[in-house]
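Enquirer: Sequence:
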Amino acid sequence: MDKVKDFEADTTKGKMKLSDILKQRDFVVVYFYPKAFTSGCTQELKRFVELYEEFKKLNTEILGVSNDSLDTQKKFAEKYGAEFPLVADKELKIINTLGAKSERGQGASRITYIVNKNMEIIETLKSLPNAKEHADKSLEIIKSHKK
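Numbering (full-length UniProt numbering), first residue to last: 1 to 147.
The hints are simulated quantities; they were obtained by calculation from the structure and are not laboratory data. Keep in mind that the hints are not guaranteed to be accurate.
The calculated BS3-like cross-link candidates involving lysine-lysine, where the alpha carbons are at most 27 Å apart (straight line), are [said to hold, decoys possible]:
hint, residue 1, residue 2
1, 56, 23
2, 57, 90
3, 46, 132
4, 46, 93
5, 117, 132
6, 137, 17
7, 93, 126
8, 35, 132
9, 74, 56
10, 79, 3
11, 117, 3
12, 35, 74
13, 57, 117
14, 101, 13
15, 23, 74
16, 5, 79
17, 146, 3
18, 57, 101
19, 132, 101
20, 79, 132
21, 146, 93
22, 126, 79
23, 93, 35
24, 46, 74
25, 3, 90
26, 5, 35
27, 146, 5
28, 101, 75
29, 17, 3
30, 23, 137
31, 117, 13
32, 93, 117
33, 35, 56
34, 56, 146
Sequences and hints are given; from them, build the entire structure.
Expert: As structure tokens, this is what we get:
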């Protein structure tokens, strides 16, 4: 399994470091999306919001990442009730490190990584037919690893 390089980021919940989150959680779902407030990204966020309680029961945190500004991320989280952190990756550091850059190179592509306590990527989701499927599939995968 590929290891994730640790990163620190400005989020809607303050500065956070992946390794610190994983000291308290069994898994982190790191999902990348192209742009806040666009149709697919909004559907995806809303689905993660709907399923967040289930993720928490599985001791899992969610991190949404795009290259939107922190101000935009805060508005996006507030509008749709996201209690989990959204990351403002303006310089594309995390996006580049995790290979989530869009083919056009302007931001993130829609890709989700499920990371375990050992900072290993246990699953990568991309090219799903529907943006909100990323949340459902992530939950399914984590449930299968919790058995």
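Enquirer: Work down the list of hints and note, for each, if the structure agrees.
Expert: Results for each hint:
1. This hinted pair checks out: residue 56 and residue 23 have alpha carbons roughly 15 Å apart, not beyond 27 Å.
2. The straight-line distance between the Cα atoms of residue 57 and residue 90 is roughly 31 Å, outside the 27 Å bound, and the hint therefore fails.
3. About 8 Å separates the Cα atoms of residue 46 and residue 132, which keeps this hinted pair within 27 Å; it holds.
4. For the suggested pair residue 46 and residue 93, the alpha carbons sit about 25 Å apart, so the restraint of at most 27 Å is met.
5. For the proposed pair residue 117 and residue 132, the alpha carbon gap of about 25 Å is at most 27 Å, so the pair holds.
6. Taking the CA atoms of residue 137 and residue 17, the gap is near 25 Å; set against the 27 Å cutoff, the hint holds.
7. A distance of roughly 20 Å separates the Cα atoms of residue 93 and residue 126; the hinted pair therefore holds under the 27 Å criterion.
8. Distance hint between residue 35 and residue 132 is fulfilled; the C-alpha atoms sit about 14 Å from each other, no more than 27 Å.
9. Proximity of residue 74 to residue 56 is assessed by CA-CA distance (about 21 Å); at most 27 Å being required, the pair is judged to hold.
10. Proximity of residue 79 to residue 3 is assessed by CA-CA distance (about 34 Å); at most 27 Å being required, the pair is judged violated.
11. Taking the CA atoms of residue 117 and residue 3, the gap is about 11 Å. The hint holds against a cut of 27 Å.
12. Between residue 35 and residue 74 the CA atoms are separated by roughly 13 Å; this keeps the pair inside 27 Å, and the hint holds.
13. The straight-line distance between the Cα atoms of residue 57 and residue 117 is roughly 16 Å, inside the 27 Å bound, and the hint therefore holds.
14. For the hint linking residue 101 to residue 13, the alpha-carbon distance of about 24 Å falls within 27 Å, and the restraint holds.
15. At most 27 Å may separate the alpha-carbon atoms for a hinted pair to count; residue 23 and residue 74 meet this at roughly 25 Å.
16. Simply put, residue 5 and residue 79 have alpha-carbon atoms about 31 Å apart, too far for the 27 Å limit, and the pair is violated.
17. Note on residue 146 and residue 3: the hinted pairing holds, with a Cα-Cα distance of about 20 Å set against a maximum of 27 Å.
18. Between the alpha carbons of residue 57 and residue 101 the distance comes to roughly 31 Å, so the proposed pair goes past 27 Å and is violated.
19. The straight-line distance between the Cα atoms of residue 132 and residue 101 is roughly 19 Å, inside the 27 Å bound, and the hint therefore holds.
20. In summary, the hint linking residue 79 to residue 132 is supported, as the alpha carbons are separated by about 17 Å, within the 27 Å threshold.
21. The straight-line distance between the Cα atoms of residue 146 and residue 93 is roughly 31 Å, outside the 27 Å bound, and the hint therefore fails.
22. Distance restraint check for residue 126 and residue 79: the Cα-Cα separation of roughly 26 Å lies within the 27 Å cut-off, and the hinted pair is therefore satisfied.
23. Proximity of residue 93 to residue 35 is assessed by CA-CA distance (about 16 Å); at most 27 Å being required, the pair is judged to hold.
24. Restraint check: the Cα-Cα separation between residue 46 and residue 74 comes to about 14 Å, which is no more than 27 Å; the hinted pair holds.
25. Among the hinted pairs, residue 3 with residue 90 is consistent with the structure: their alpha-carbon atoms are about 23 Å apart, no more than 27 Å.
26. Between residue 5 and residue 35, the direct Cα distance comes to roughly 24 Å. Compliance with the 27 Å bound is thereby established for this hinted pair.
27. The hinted pair formed by residue 146 and residue 5 meets the criterion: a straight-line CA distance of about 23 Å does not exceed 27 Å.
28. Our distance criterion of 27 Å between C-alpha atoms is met by residue 101 and residue 75, whose separation comes to about 23 Å.
29. Pair hint residue 17 plus residue 3 holds up; C-alpha atoms about 15 Å apart against a cutoff of 27 Å.
30. Pair hint residue 23 plus residue 137 holds up; C-alpha atoms about 24 Å apart against a cutoff of 27 Å.
31. Note on residue 117 and residue 13: the hinted pairing holds, with a Cα-Cα distance of about 21 Å set against a maximum of 27 Å.
32. Pair hint residue 93 plus residue 117 holds up; C-alpha atoms about 22 Å apart against a cutoff of 27 Å.
33. As the CA atoms of residue 35 and residue 56 are separated by approximately 25 Å, the hinted pair is consistent with the 27 Å bound.
34. At roughly 13 Å between alpha-carbon atoms, residue 56 and residue 146 fall within 27 Å of each other, so this suggested pair holds.
Hint compliance for this structure: hints 2, 10, 16, 18, 21 are not met, and every other hint is.
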